[in-house]
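*Asks:* Listed below, chain by chain, are the residues.
2 protein chains.
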Amino acid sequence: MFSIGQLSTRTGVKVPTIRYYEEIGLLPAPERTGGNQRRYGVEGLQRLGFVKHARDLGFSIEAITKLLELQDHPDCTCAEAGDLAQAQLLAVQSKIARLNRLQAELQRLVAGCHGDGTTGECYVMASLADHDLCLDEH
Amino acid sequence: MFSIGQLSTRTGVKVPTIRYYEEIGLLPAPERTGGNQRRYGVEGLQRLGFVKHARDLGFSIEAITKLLELQDHPDCTCAEAGDLAQAQLLAVQSKIARLNRLQAELQRLVAGCHGDGTTGECYVMASLADHDLCLDEH
DNA sequence: CCTTGAACCTCTAGTCACTAGAGGTCGTAT
DNA sequence: ATACGACCTCTAGTGACTAGAGGTTCAAGG
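Chains as they are written, first to last, in the numbering used here: chain Y, 1222 to 1359; chain R, 1222 to 1359.
Heads up, simulated DSS-like pairs for lysine-lysine below, C-alpha to C-alpha not over 30 angstroms straight-line:
#: 1; chain 1: Y; residue 1: K1235; chain 2: R; residue 2: K1316
#: 2; chain 1: R; residue 1: K1235; chain 2: R; residue 2: K1287
#: 3; chain 1: R; residue 1: K1273; chain 2: R; residue 2: K1316
#: 4; chain 1: Y; residue 1: K1287; chain 2: R; residue 2: K1316
#: 5; chain 1: R; residue 1: K1287; chain 2: Y; residue 2: K1316
#: 6; chain 1: Y; residue 1: K1273; chain 2: Y; residue 2: K1235
#: 7; chain 1: Y; residue 1: K1287; chain 2: Y; residue 2: K1316
#: 8; chain 1: R; residue 1: K1273; chain 2: Y; residue 2: K1316
#: 9; chain 1: Y; residue 1: K1316; chain 2: Y; residue 2: K1235
#: 10; chain 1: Y; residue 1: K1316; chain 2: Y; residue 2: K1273
#: 11; chain 1: R; residue 1: K1287; chain 2: R; residue 2: K1316
#: 12; chain 1: Y; residue 1: K1273; chain 2: Y; residue 2: K1287
#: 13; chain 1: R; residue 1: K1316; chain 2: R; residue 2: K1235
#: 14; chain 1: Y; residue 1: K1316; chain 2: R; residue 2: K1235
#: 15; chain 1: R; residue 1: K1287; chain 2: R; residue 2: K1273
#: 16; chain 1: Y; residue 1: K1273; chain 2: R; residue 2: K1316
#: 17; chain 1: R; residue 1: K1273; chain 2: R; residue 2: K1235
#: 18; chain 1: Y; residue 1: K1316; chain 2: R; residue 2: K1316
#: 19; chain 1: Y; residue 1: K1287; chain 2: Y; residue 2: K1235
Derived coverage of chain R by chain Y (criterion: at least 3 residues anywhere in the stretch with Cβ under 8 angstroms from a Cβ of chain Y; other residues may be distant):
#: 20; region: 1270–1282
#: 21; region: 1286–1294
#: 22; region: 1312–1322
Rather than coming from a laboratory, the hints here were simulated on the basis of the structure.
Note that beta-carbon positions come from the ideal geometry of N, C-alpha and C, so glycine has one too.
Can you build the whole structure from these sequences, using the hints too?
*Replies:* Spelled out as structure tokens, the structure:
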């Protein structure tokens, strides 16, 4: 049996976050001691590990809820899990593309600034004020 | 003079968001008509354009507040603006690195799923449940 | 057995950057 | 004069937590 603190150190999920997950129904309410403290079994640890891992991969709580439902009904087809992962992959890829564009502009912006003038003639400020100075859309 | 709606269509910032920016002090309170409606001049339009552009580049409201202060005192050195842009660039780059790692794992995850089994034997589910199946840390 | 102190409990409120909705007023075109 | 869209304020909600107050329980050392 694990206390909530032990679960926290083992999974890397903070204690208030674990309680929050329970509150929103992502984790089932565990047993309690006579003094009303949470005690988790191995299955609680595993479920939280699953949640943590999926969160690290950027899955939303909503998506994780669906994944957990699939996990609880292991005879359902796995296509849906694949779809969720696929959607997550596309979201990640579009974020990367967008960030790459931002990176390019920020690099241009930083390169143009020598830190030796006043903001009145600063390329960073001018570029932020005037979108037309950007090379591409964002 | 522009109404809040005209400002919205010209900058692409939604009307409630403009009011929100005013509320938190990012935009100065504009003039009002006799009937209490906001009327903006060109400088209001420009300031909102600046904010929009910086937000699109991922600057936090806090950072934008600083940038606007710098803009309002154009005789200060621009080094600080450069620092903010530099910090933003580093943040973007680390996000990109992280997302690239996630992308790799998600691709592996999606590739391993053929959508023809049950979740009991699904690679997606197994991989999410067991972090040890990951190739690298995240 | 007793005490100490860290870990636990609940509850409320705050974070960021908005977004949604209710219920009412204003401006402008016909 | 009358529509009707755009505007106003205010409150509350979003996601995914985080922080703090104020109180209780557990486990280890004496």
